[in-house]
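Asks: Model the full assembly from the supplied sequences, consistent with the hints where possible.
Number of protein chains: 2
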Amino acid sequence: MRARDLAEDYPLVKLSDNALDVARLIAEQRRPGVVVVDDDRKPVTVLPASQVLRFSVPGYVQEDPSLARVYDEQGGADVCVRKLSDRSVGEVLPPKEKRYELPMVTGDATVLECAATMARLHTPLIVVADHDRIHGVVTASHLLEVILNASESPA
Amino acid sequence: MRARDLAEDYPLVKLSDNALDVARLIAEQRRPGVVVVDDDRKPVTVLPASQVLRFSVPGYVQEDPSLARVYDEQGGADVCVRKLSDRSVGEVLPPKEKRYELPMVTGDATVLECAATMARLHTPLIVVADHDRIHGVVTASHLLEVILNASESPA
Numbered sequence: 001m002r003a004r005d006l007a008e009d010y011p012l013v014k015l016s017d018n019a020l021d022v023a024r025l026i027a028e029q030r031r032p033g034v035v036v037v038d039d040d041r042k043p044v045t046v047l048p049a050s051q052v053l054r055f056s057v058p059g060y061v062q063e064d065p066s067l068a069r070v071y072d073e074q075g076g077a078d079v080c081v082r083k084l085s086d087r088s089v090g091e092v093l094p095p096k097e098k099r100y101e102l103p104m105v106t107g108d109a110t111v112l113e114c115a116a117t118m119a120r121l122h123t124p125l126i127v128v129a130d131h132d133r134i135h136g137v138v139t140a141s142h143l144l145e146v147i148l149n150a151s152e153s154p155a
Numbered sequence: 001m002r003a004r005d006l007a008e009d010y011p012l013v014k015l016s017d018n019a020l021d022v023a024r025l026i027a028e029q030r031r032p033g034v035v036v037v038d039d040d041r042k043p044v045t046v047l048p049a050s051q052v053l054r055f056s057v058p059g060y061v062q063e064d065p066s067l068a069r070v071y072d073e074q075g076g077a078d079v080c081v082r083k084l085s086d087r088s089v090g091e092v093l094p095p096k097e098k099r100y101e102l103p104m105v106t107g108d109a110t111v112l113e114c115a116a117t118m119a120r121l122h123t124p125l126i127v128v129a130d131h132d133r134i135h136g137v138v139t140a141s142h143l144l145e146v147i148l149n150a151s152e153s154p155a
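Those protein sequence lines, which keep their order, are chains D and B.
For the record, in the first sequence the residue sitting at position 93 is 93 according to full-length UniProt numbering, with numbers rising by one throughout.
For the record, in the second sequence the residue sitting at position 110 is 110 according to full-length UniProt numbering, with numbers rising by one throughout.
In case anyone wonders, no lab produced these hints; they're calculated from the structure.
There could be a bad hint or two in this list.
[To be verified] Below, a list of computed lysine-lysine pairs in the DSS-like style, where the Cα atoms sit at most 30 angstroms apart:
# : chain 1 : residue 1 : chain 2 : residue 2
1 : B       : 98        : D       : 96
2 : B       : 83        : B       : 14
3 : B       : 96        : D       : 98
4 : B       : 98        : D       : 98
5 : D       : 96        : D       : 83
6 : B       : 96        : B       : 42
Please read all numbers here as calculations on a predicted model, not as lab measurements.
Replies: Structure, rendered in structure tokens:
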């Protein structure tokens, strides 16, 4: 079994997509994040859900979360939504030097190669792509399942 | 709405649990990780699925993933499973100084406080607990959903 056989569909968003729409996508599908691609569908980075929160929560509340109590529930939510509503995904990403290295393997990578790449980069998912054609994504939990099923070690 | 109302059940594992059993739990439930508690059910840290892979994949394969091809599929899987089979969760965790700071809020934390804590620690989930009684876990995507629903901003 190779990476391309394991790859599952995963939400891809463009750098130019609206950040609030992407927040809705993450919320509705309960994803930990999305893969960001450029206009040629070339993978760029991963946008974690926590980064969307980081962008939308006012800085002084992040520094001192007790300040969050100056807002009532709707007021706090409005502040967050307004910060996202006229932004693109590209604007919500961390600066380039702070972005996650995009974990990627080619379609013919073996199960153990996928595991090694994921282990080295401490990432919960890797993108499977050949020449910028994206096959999909493999998660760490899926890979563990494949490894446990493939092994005949008594355990 | 407060953190305790948002908290969802999440797999808790003990430091003394068998690492291979925990790998199976992560695989079966397709979780990105589990919360680790001590014998008094006091939360200790988060064990990400990628750390289980990191522990189980031989070091020389992590350094050079192309070496993974010296194994066939079952052989590679057997190596990984054997490394986990007689280990406890405590042995699989990174050394203390490299562990994730356990992101935690009290049951009465507001939505915006949860978001601020998650944003500050770049974490996809936070543990909700009072005096070491764990209410559950809130994920970043769930929190985005609550924020988007609470806001009346036109968007």
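Asks: What are the numbers of the hints that this structure violates, sorted from low to high?
Replies: No hint contradicted; all consistent.
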